[in-house]
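Enquirer: Residue-level listing of the chains:
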Amino acid sequence: MIALIVRRLAGLIVTLLLVSAVIFAVMDLLPGDPASVILGTSASPDTLAALQKEMGLDRPLAVRYVAWLAGVLQGDFGRSYTYGVPVAGLIAERLSVTVPLALIAILISVVLAIPLGVQAARHQNGGWDVFSGLFSHVSIAVPAFWVGLLLIILFSTTLGWLPAGGFPGWAGGVGAALMALLLPAVALALPQAGVLMRVTRSAVLEVMNEDFVRTARAKGLSEQTALWRHAVPNALIPVVTMLGLQFTFLIAGAVLVENVFNLPGLGRLAYQALSQRDVVVMQDVVLFFSALVILMNFLVDLAYLLIDPRLRAGVR
Amino acid sequence: MSFLRRHPTFLVGLVITLALVALALLSLVWTPMPPTRMQIIHKLKPPMAHGLLGTDQFGRDVASMLMVGAWNSLSTSLLAVALGATLGTGVGVLVAAIRGVTETVVMRFCDIIFAVPPILSAMLLGAFIGSGRFTAIIAIAVFMVPVFARLTLSAASQIWTRDYVMAAIGMGRNRAKITVVHVLPNIANQIIVQVTIQLGLAILTEAGLSFLGLGMPPPAPTWGRMLSDAQTFLGQAPWLALLPGLAIALAVMGLNMLGDGLRDLLDPRDPS
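For the protein sequence lines, the chains are A and B, in the order given.
Each residue of the first sequence is one higher than the one before, counting from 1 in the UniProt record's numbering.
Each residue of the second sequence is one higher than the one before, counting from 1 in the UniProt record's numbering.
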């Protein structure tokens with residue numbers, strides 16, 4: 001099992017390196033280098049050349065990549081042009097919003113989707129099943145940022161229960177911060193829940209016909225115990241896979257939802273960097289988000305080992 | 001016909017999709033009002049009060065904007081998926097024919113592309129080449145390539161093990177010819193189903209991009225930007241935030257239902 005984890009870890013590092021190389025190369029290939037973005041179009045060629053030299057842009061691509069990577073590995077992500085501060089600090093600050101937001105959203109979608117999916121499978125073609133089928137059709141089709149707008153209309157402008165946006169920070173109390181994250185997290189969770197529910201339903205349906213579930217029933221276990229103790233754990237692998245696959249979309253949704261709710265997260269930072277053409281921040285945030293996605297897929301691989309004892313046994 | 005009766009979702013999906021396509025095409029020749037005409041005296045009128053679906057903050061007719069938005073959204077998404085599907089399928093069948101190290105390299109590369117959400121690659125592109133329809137199309141297409149490459153590779157690899165392909169290899173046919181004559185026709189159904197489903201995803205992404213101002217530039221109406229503009233008037237004019245979102249949801253739902261139905265229709269063996 002240790003060997004397997006080490007192998008996956010090596011794969012993770014290779015993928016991360018490749019992603020960073022590709023992002024770096026793409027940023028380099030695109031027209032307009034950072035120096036000309038900073039100076040604008042009116043700068044004289046001499047000024048441009050001077051700044052390029054100062055920023056090290058006159059060195060070959062491979063040299064700059066290694067220098068940049070060495071910096072990143074030491075926590076030096078470069079300096080933001082617009083904020084004039086190290087990007088690492090900016091990202092760390094914004095993560096304290098985006099990470100809790102994503103985690104709460106995942107939690108809500110799992111809590112919503114798994115029971116609904118299991119019930120739908122249990123009462124196949126019954127009322128629950130029809131309702132959950134409808135729910136998944138609708139929730140997959142609605143954009144998270146639109147759900148965010150609807151939630152603001154309902155809970156903020158109409159009922160006045162929850163804040164329409166902004167973030168008070170964690171220093172001002174966990175309660176207020178969580179309240180500010182609640183609506184955005186629900187907006188992010190709803191589209192995810194539809195997909196997860198669908199996968200849970202079909203996975204449970206498949207497992208329910210297996211011999212071991214029949215055995216569990218035959219030995220006198222109640223339907224609930226047979227379902228939750230024997231069928232559901234065996235149906236979890238596709239659900240966890242989907243959770244990992246959906247993470248990319250969760251991140252994309254977070255970029256939009258943070259903008260709807262004016263949350264100072266990583267997605268909002270990317271958006272601000274875009275409008276100010278702050279290329280260094282842009283590059284780092286994209287790298288960071290991609291690393292998160294890759295890391296999540298790695299964790300999903302590890303989760304397989306926890307869920308499925310056969311995988312653990314197979315590699316011992 | 002009996003298929004339609006057995007699969008009501010397919011029928012619903014087909015009707016929704018055809019209706020939207022019809023509205024989008026109609027918008028090219030006729031809209032109730034010119035979608036960019038501003039009539040400030042009629043601004044922020046609710047539905048039915050001025051025009052069928054009311055007006056926005058500049059007094060522009062919402063119904064007309066939604067119709068043109070349908071065309072902009074559908075055509076951008078269609079171009080993006082067409083580009084992504086063509087490239088991805090090409091890569092997929094090529095790799096299936098060659099196999100070996102190429103397969104590992106290409107699949108690893110797909111993992112990399114997959115790790116960057118399309119919204120972010122569009123922002124990255126936008127930071128350099130500016131935002132616009134081209135940026136949106138490229139960003140969505142880039143994300144679609146690995147989707148189709150993976151699907152095609154796994155489907156085509158199965159075809160390559162079939163007896164009739166073995167026979168063709170035995171007869172000395174070259175791999176390019178086998179790909180065109182045997183592989184592509186046998187995986188076409190799966191690709192068509194995937195195109196339908198990815199179109200829905202492309203519409204969602206396009207809406208997100210134009211919501212962030214990375215889609216078609218104003219004054220061209222897009223569903224995403226209508227939502228973005230509506231944010232300022234959530235309390236005053238909630239219908240401005242409701243209607244474009246409803247249009248997006250309907251379009252995506254229609255395409256998803258159509259895709260599910262097509263899967264049942266084209267591949268009766270697969271029960272999912």
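Careful: at least some of the hints might be erroneous.
What the hints assert, rightly or not - Here are the in silico distance ranges between beta carbons for each label pair:
1. A:Thr82 / B:Glu103: 38 to 46 Å
2. B:Leu4 / A:Trp170: 29 to 37 Å
3. A:Leu295 / B:Thr102: 22 to 30 Å
4. B:Val105 / A:Val85: 38 to 46 Å
5. A:Asp76 / B:Arg37: 31 to 39 Å
6. B:Asn186 / A:Lys219: 42 to 50 Å
7. A:Asp308 / B:Val105: 27 to 35 Å
8. A:Arg7 / B:Ala188: 36 to 44 Å
9. B:Leu246 / A:Trp161: 20 to 28 Å
10. B:Val15 / A:Asp76: 53 to 61 Å
11. B:Leu4 / A:Gln224: 21 to 29 Å
Claimed, not checked - Non-contacting residues of chain A with respect to chain B, defined by C-beta distances greater than 12 Å in every case (computed):
12. Ile2
13. Val85
14. Arg122
15. Ile152
16. Val174
Please keep in mind that the hints were generated in silico from the structure rather than gathered at the bench.
Glycine included, C-beta positions come from ideal geometry on N, C-alpha and C.
Enquirer: All hints are to be evaluated individually against the structure, with a verdict given for each.
Expert: Cross-check of the supplied hints:
1. Under the hint 38 to 46 Å, the C-beta atoms of threonine 82 of chain A and glutamate 103 of chain B, about 44 Å apart, fit the expected range.
2. One distance hint, 29 to 37 Å for the beta-carbon pair leucine 4 of chain B and tryptophan 170 of chain A, is violated here, with the actual separation near 55 Å.
3. Our hint of 22 to 30 Å for leucine 295 of chain A and threonine 102 of chain B holds, since their Cβ atoms are close to 27 Å apart.
4. Taking 38 to 46 Å as the suggested C-beta distance range, the pair valine 105 of chain B and valine 85 of chain A conforms, at roughly 39 Å.
5. Look at aspartate 76 of chain A against arginine 37 of chain B: about 53 Å separates their beta carbons, and that is not inside 31 to 39 Å.
6. Between asparagine 186 of chain B and lysine 219 of chain A, the C-beta spacing of about 46 Å keeps the proposed range 42 to 50 Å intact.
7. Separated by about 29 Å at the C-beta atoms, aspartate 308 of chain A and valine 105 of chain B satisfy the suggested range of 27 to 35 Å.
8. Judged by the Cβ atoms, the range 36 to 44 Å given for arginine 7 of chain A and alanine 188 of chain B holds: they are separated by roughly 37 Å.
9. Against the hinted window of 20 to 28 Å, the Cβ-Cβ separation of leucine 246 of chain B and tryptophan 161 of chain A comes to about 24 Å, which satisfies the hint.
10. Evaluation of the 53 to 61 Å hint for valine 15 of chain B and aspartate 76 of chain A yields a pass: the beta carbon distance comes to about 57 Å.
11. Separated by about 39 Å at the C-beta atoms, leucine 4 of chain B and glutamine 224 of chain A break the suggested range of 21 to 29 Å.
12. Separation of isoleucine 2 of chain A from chain B is adequate, the least Cβ-Cβ distance of about 24 Å exceeding the 12 Å criterion.
13. Look at valine 85 of chain A: its CB is around 19 Å from the nearest CB on chain B, clear of 12 Å, so calling it non-interface holds up.
14. With a least CB separation of 19 Å from chain B, arginine 122 of chain A remains clear of the 12 Å interface cut-off, as annotated.
15. With 12 Å as the threshold on Cβ separation, the claim that isoleucine 152 of chain A sits away from chain B is violated: the shortest Cβ distance comes to roughly 6 Å.
16. Listed as a non-interface residue, valine 174 of chain A keeps its Cβ farther than 12 Å from every Cβ of chain B; the least gap is roughly 28 Å.
The structure fails hints 2, 5, 11 and 15 (numbered hints given earlier, in ascending order).
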